[in-house]
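Chain order of the listed sequences is C and X.
Last residue of the first sequence: 165 (this note's numbering), numbering continuous.
Last residue of the second sequence: 1424 (this note's numbering), numbering continuous.
Please keep in mind that the hints were generated in silico from the structure rather than gathered at the bench.
Among these hints, one or two may not hold up.
[Unchecked claim] Sample of chain X residues lacking proximity to chain C, with all beta carbon distances greater than 12 Å (derived):
| id | residue |
| --- | --- |
| 1 | Glu1069 |
| 2 | Asn1382 |
| 3 | Arg1383 |
[What the hints assert, rightly or not] Where chain X lies over chain C, by a calculated footprint (3+ residues, C-beta under 8 Å):
| id | stretch |
| --- | --- |
| 4 | 28-36 |
| 5 | 125-134 |
| 6 | 151-163 |
[As the list claims (entries may be wrong)] For lysine-lysine, the following DSBU-like pairs were computed, each having C-alpha atoms within a straight-line distance of at most 35 Å:
| id | chain 1 | residue 1 | chain 2 | residue 2 |
| --- | --- | --- | --- | --- |
| 7 | X | Lys1182 | C | Lys9 |
| 8 | C | Lys106 | X | Lys1085 |
| 9 | X | Lys1046 | C | Lys164 |
| 10 | C | Lys106 | X | Lys1182 |
| 11 | X | Lys1046 | X | Lys1014 |
| 12 | C | Lys164 | X | Lys1159 |
| 13 | X | Lys1016 | X | Lys1286 |
Glycine included, every Cβ here is placed at the ideal spot set by N, Cα and C.
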Amino acid sequence: MKVSGNAIKFGANVDTDVILPGKYLVLIDPKELAKHAMEGLDPAFPEKAKKGVIVVGGKNFGCGSSREQAPLALKYSGVQCVLAGSFARIFFRNAINIGLPVIECKGISAAVDNGDDLTVDFEAGTIQNLSKRQSLQVAKLPPFILEILSDGGLIENLRRRLNKE
Amino acid sequence: MNITEKILTKASGKNKVHPGEIVDANVDMVMIHDLTGPLAVEAFKKIGIKNVWDNKKVIVILDHQVPAESVKAAELHKIMRNFAKGQQLRLYDVGKGGICHQVMPEKGHVLPGTVIVGADSHTCTYGAFGAFATGIGSTEAAAVFATGKIWLKVPEAIKVNVEGNFHKYVTPKDLVLSIIGKLGAGGAIYKSAEFTGPAIRAMSMAGRMTLCNMTVEMGAKNGIVEPDEITRKFLEGRTTEALVPFESLKSDADASYEKVIDIDVTDLEPQIAYPSSVDNVKPASKIGNVQVEQAFIGSCTNGRIEDLRLAAQILKGKMVKDGVRTLVIPASQEVYMQALREGLIENFTDAGALVCGSTCGPCLGGHIGLLASGETCVSTSNRNFIGRMGSTEASVYLASPATVAASAITGRITDPRELEVSKA
């Protein structure tokens, strides 16, 4: 599993209220949610993300509420993957569960500039920064998480596993 | 082992667990509410299983957008009511419950030693009762509906040992804000925060709930307090379930902790979390002149009867300053009724504060009391992020019920101890 795209960088402690403000939680359609992705920090984000981007954050990305609408909004706006120094745990699980890959990578903020061309290989645990001709090695995701991602999310994974039994 | 490890050991059918180990735990209770529930219901339908694994263990609470403030919210509520009816689940509808984290313990759904997950980040509140409780997302809740299980990484633990006596206008909220200020918004990420020591043993369930509630604001997986007689007294009459012996829910003397923090609250001052981060904490005495347009007393953090009593004690016989909209929202119908019996609702109303029906309301900017650009709110709630309570150009300061009540009177963020001095 690999994804490629240009980096859009954010700082530390990006919270779920700026990723998807509470007033939009009454929306159910992920495409509607996507129109408000990152509205608290950059209202132009959905336009920028359309072409398929990789979000790069500092530590504690996705802190705050348990709203799954936050990673959903990112995924449907065009975000292919989120790389961050660390993640708030509920956001991390939510992203995996809806099939949005997330990788913890210490020092990622320093290694990437806005717009850098990145390729992430999940099985190999590598992040290639093509703009800087650098490669970063990260801890591989556990096999059961990779399996959830390759199935497209927890529900699809569960369906497959339950059908097997 | 510490108490969190003991609970996860039992829940996963093992003899021992270690921090970092991933376990498959049996879930004793799962909760969804009106903003996270609809996605969980949708996801559950996609799994293709007809019934939830145990309909006595799934609780549905309508609390965020209640009563429905829009047609969209009404549609979400309809989804929840239909799901609860179809699956024969316990539903706490408008007028029958209140904020989920108050209702769950009040109605006896939170028991010491159990594993509870909820599709809300403040599910960690239930750790106050010696339960392992943590927030999850909607899809994960759907998976729990289907299987009754969840994978969990056993967290490393931080022990917070608290001694001393609180000043009468200094509260557990001030304590937890000062801890978050020291450790940082990501300071306990993936970890367990265990509160112990004489000041915790002397603390009411309300205070313990406030502490555990806010542990997610420093990234913790769970907050927890060993259960004791105060816990037992709270649970009396609320559950018919047999309680596990509390001796089995004490951390061993040789339990391991990643870090131990010692705090004496005797000289602790009222604390304020400045915008727009919960760890941006400074003492109230140093704040200078910060005018407010709104004061909010409520939420799953500070909407309990003890909080309302403290606020009413300060507001009684006074008037909130013109230009400060003061909202008081009891955390549940039970709290509302108790406040009514004690005359607190009258105290608030006489003081010019508006008492609203139980809801999460302004805390998450859902409805009731949103902020316009350029406005400032001092709030007993738990988050002050950009746009949290309305406009992205509004400011939210977090504080205790005593500080918010004092600020409502003066019209600027005020150390409640100031009012004592002026009385003397």
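Compare the distance between the alpha carbons of Lys106 of chain C and Lys1182 of chain X with 35 Å, and conclude whether the hinted pair is satisfied. Within the cut-off at roughly 22 Å; holds.
Compare the distance between the alpha carbons of Lys1016 of chain X and Lys1286 of chain X with 35 Å, and conclude whether the hinted pair is satisfied. Violated. Lys1016 of chain X to Lys1286 of chain X sits at ~48 Å, over the 35 Å cutoff.
Is the Cβ of Glu1069 of chain X more than 12 Å away from each Cβ in chain C? The assertion about Glu1069 of chain X is violated, with a minimum of 9 Å to chain C.
Need the status of pair Lys106 of chain C, Lys1085 of chain X: alpha-carbon distance at most 35 Å? This hinted pair is violated, its Cα atoms lying about 47 Å apart.
Does Lys1046 of chain X pair with Lys164 of chain C here, judged by a C-alpha cut-off of 35 Å? Measuring from Cα to Cα gives roughly 16 Å; hence the hint holds.
Lys1046 of chain X and Lys1014 of chain X were given as a pair; does the straight-line alpha-carbon distance stay at or below 35 Å? Distance ~32 Å between Lys1046 of chain X and Lys1014 of chain X Cα, so the pair holds.
Is Lys1182 of chain X within 35 Å of Lys9 of chain C, Cα to Cα? Roughly 27 Å between the alpha carbons, so the hint for Lys1182 of chain X and Lys9 of chain C holds.
No chain C beta carbon within 12 Å of Arg1383 of chain X's: violated (6 Å)
Are there at least three residues in the stretch 151-163 of chain C whose beta carbon sits under 8 Å from a beta carbon of chain X? holds (count 6)
At least three residues with a C-beta closer than 8 Å to a C-beta of chain X: is that true for the stretch 125-134 of chain C? It is violated, with 0 qualifying residues against the three required.
For the stretch 28-36 of chain C, does the count of residues with a C-beta closer than 8 Å to a C-beta of chain X reach 3? Coverage by chain X is violated here, the residue count being 1 at a Cβ distance below 8 Å.
Distance restraint between Lys164 of chain C and Lys1159 of chain X, which requires alpha-carbon spacing of 35 Å or less: violated (43 Å)
Hints 1, 2, 3, 4, 5, 8, 12 and 13 from the earlier list are contradicted by this structure; the remaining hints agree with it.
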